[in-house]
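For the protein sequence lines, the chains are W and X, in the order given. One point on numbering: in UniProt numbering, the residue at position 48 of the first sequence is 48, and numbering is uninterrupted. One point on numbering: in UniProt numbering, the residue at position 92 of the second sequence is 92, and numbering is uninterrupted.
To be clear, the hints were calculated from the coordinates, so they are not data collected in a lab. Watch out, some of these pointers could steer you wrong.
[What the hints assert, rightly or not] Which chain X residues face chain W? A few, computed with CB under 10 Å, are given here:
hint	residue
1	VAL72
2	MET104
3	ALA105
4	ILE143
5	LEU149
6	ILE273
[Claimed, not checked] Covered stretches of chain W (in silico footprint by chain X; criterion: 3 or more residues with CB under 8 Å from a CB of chain X, positions within the stretch not fixed):
hint	region
7	161–170
8	247–254
Don't be surprised by glycine CBs; every beta carbon is placed ideally from N, CA and C.
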Amino acid sequence: MSDTTLSHPATAARPDAGQRASRDLLRRGRLKPAEIVFWLATAASFFLLPDRHLLLSEIVILGLFALSLDLIIGYAGVVSLGHGAFFGLGAYVAGLVSVHLTGEPLTGLILAALAAGILGLATGPLLLLRASDLTRLMVTLGVAMLLLEAANRAAWLTGGADGLQGVTINPLLGRFEFDLFGTTAYAYCLIVTFALFLLARRVVTSPYGLSLLAIRDNALRARSMGIPVGPRILGIYAFSALIAGVAGALLTQTTMFVSLDVLAFHRSADVLLVLVLGGVGYLYGGLIGAIAFKLLQDWFSAITPQYWMFWMGLVLMVIVLIGRDNLNALPRTLMRRLRREDRA
Amino acid sequence: MLTILIDGIAYGMLLFVMAAGLAVTLGLMNFVNLAHGAFAMIGGYVTALAMNRLGMPFLLTLPFAFLVPALVGVVAERLLYARLYRRSHLDQVLFSIALVFMAMAGTDWLLGSGQQLITLPGWLQGRFEVFGVGIGRYRAFLIVICAALVVGLQLILGRTRFGARLRAAVDDQRAARGLGINVGGIFAATFAVGSGLAGLGGALGIEMMGLDPTFPLKIMVYVLIVVTIGGTASLTGPFIAALLIGTADVAGKYYLPELGAFLIYLVMILLLILRPQGLIARAR
C-alpha cells in the first residue's frame, strides 16, 4: 500500500481528496450555533409578542418569499424581476382551492406549491436562451406581466380587480381554528417556513448546491467541468418557484383574501429590496431582510405616510453605492480596526 | 385600418425616441438602467409645468424638455452611475429601481399624484384627410419630428467623428481606450443626449400616454422591451422593434381589446425565444 503511495502520489491523493470533500460538505451542512440561536429567537417571538402575531405572520411570509428569491439570485446567479408571478400564482391557487375544492389548508398549500413549481419548470427554459442578464430580466418580467393580465382578464375565475371573494379556510389539522389575532396563522407560517428552510438549506449545502455556486461564479467554466448547466438552473428555478408559491398560499390562507395586488410589479421589486437589505447568498438574508423591511416601512410611514417609498429607495441606493460586500464585511472591518487601536 | 397603422407608427416613433438613449448606454457600458423612464418623466413635467404654470407655448417648451433632463442626466451620470459600471447587474438593477422609487414618490410629493393635462395649440388638434384616410394632426406632427430625430441620430452616428468614436467604444471598449478615445467622456455625453431625448419623448407623449408619477414604471417596461427586442448593436434594431411594438400595441388595443396588454408581452417573449440577442445582433 505504501509503495503505491510513493510511486503514484496522484492516485493515492484521490481517496483523500474524496474524504476531504465529504468532510467539508458535512461541515457545511451542520447547523451553526448562531443559526440555532436565530431559530430559538424566532420561536420565542411566538410566546413573547402575542399581540403582534398578525404582523409577524406577514414578516415570515415576506421572509419566505425572499428566501425563495435568494435561492436563484444568491446561489444560481439568476436575476429575476418577475418572481412575484410564482407568489401570485400560489396565492390564487390557494384561494381558488378553498373556494371550489376544499377549505383544508394543507391541501391548498400543496396544490399551490405544485402549480407554482410547474410554472417554474415551464418558464425556466426561457432563462437559458443564450442568456444575458437583460434577456432574463425581461423574460421574467414578461411572464409576471402576462400572469397579471391573465388574472385581470379572467374576472369570472379570479374576481378581477375586486379580488377573490369567499375564501374560507378550515381549522388546521381539523383542530386549530384560524383566529382573529393570527395566533394559529403565525404558528402555521413559522412551521411551514422552518420546514422549507431546512429543505432549502439541505439543497444548497449538497453537492448539487455547490455545483450551482460554480455556475453562478462562472457558467462557462462550470460547463467545461462537465456540470450540466441548463438542467441545474432549471431545477433550482422550479424549486424556488415552488417555495414562492407556498409563500403566496400562506398569504391567502392567513388573510383569507386574494387580489390582483399579489401579482403586481411592486411585489417583485419589494422582494428584491428585502433580500438585499438582509444580504444575498446565505439563506438568512430573506428572513432578516423581511424584519428590517417591515421595521423601516413602519418607521418611514410614520414620518411621511404616503411617501415611504422615497426613503426606501434612498436606503437601497445608499446600500448599493456603499457596496453590498463592503457592508457585509463592515462588522469585521470595525473589529479589526478596534483591535489595531488596542494594540497601538 | 391605415389610420391605426399611422397611429401605431407615431407611437412606435415616440417609443424609439425614448429608448434610443437607453439602447446606446446599454450597448456601451452594459449598464442595465431601469430608471430611464424617470428622465422621460422629467421632460414631460417640464413641458406640462411650463405650459400650465408659466403659460409658455407648447413648441417653446420642447427645447427645455430636452435640456433639463439632459442636465440632470449628466449630473446623475457623473455622481452616481459612473460608480456602478463595473458592478454586477444585480447592483445596477437595484440601484435603478431605487431611483425609480425615489423619482415616483418624490414627484408625487412635490407635484401631487394627479394626471398632468396639457392643451395642444389649435393647429395640432383635429385631423385631416389624405386620400380618404383620416390622420390626426398631432400624429403626423409626431411622425415628422421623430423621423427628423431618427435621421439626425443616424447621421451623427454614421457621419461625424463623435459618432465614429462612439461606435468604436461600443464595439470594443478596451481597444477604443487603447487608441486614446476618452470613453468616459463619450459616455457622459451619450447619457446626457439619451436622457434629453427621453425627456423630449416624454413631453411629446403626454398627449398619447398621459403623465403622472407612475410614468417611469409604465414606460420602463415598454422601453426595455424595445431595447431587448431590438438589440444594442445598432440603432436600426431598436427602431424596427419600436415600430413593431408600437403598431402591435395600438392594433391590439383596437382589434382585440379583450387581450389588453397581453399582446406586447407575448410578442416580446416570442421574439426573445426566436432571437435572444435581439433582432439585429452584434456580429461575432
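Okay, the hints, checked on the actual structure:
At about 16 Å, the closest approach between the beta carbon of X/VAL72 and any beta carbon in chain W exceeds 10 Å, and the interface hint on this residue is violated. With a cut of 10 Å, the hint placing X/MET104 at the interface with chain W holds, because the nearest CB-to-CB distance is about 7 Å. Taken as an interface hint, X/ALA105 checks out: its beta carbon lies about 4 Å from the nearest beta carbon of chain W, inside 10 Å. About 27 Å separates the beta-carbon of X/ILE143 from the nearest beta-carbon of chain W, more than 10 Å, and the hint is not met.
Hint status for X/LEU149: violated, given a least beta-carbon distance of 24 Å to chain W, over 10 Å. Checking X/ILE273 against chain W by beta carbon gives a least distance of about 6 Å; that is within 10 Å, so the hint holds. Taking a C-beta to C-beta cut-off of 8 Å, the region 161–170 of chain W contributes 0 residues in contact with chain X, too few for the three needed, and the coverage statement is violated. Three residues within the 8 Å Cβ limit are the bar, and the region 247–254 of chain W against chain X gives 0, so the coverage statement is violated.
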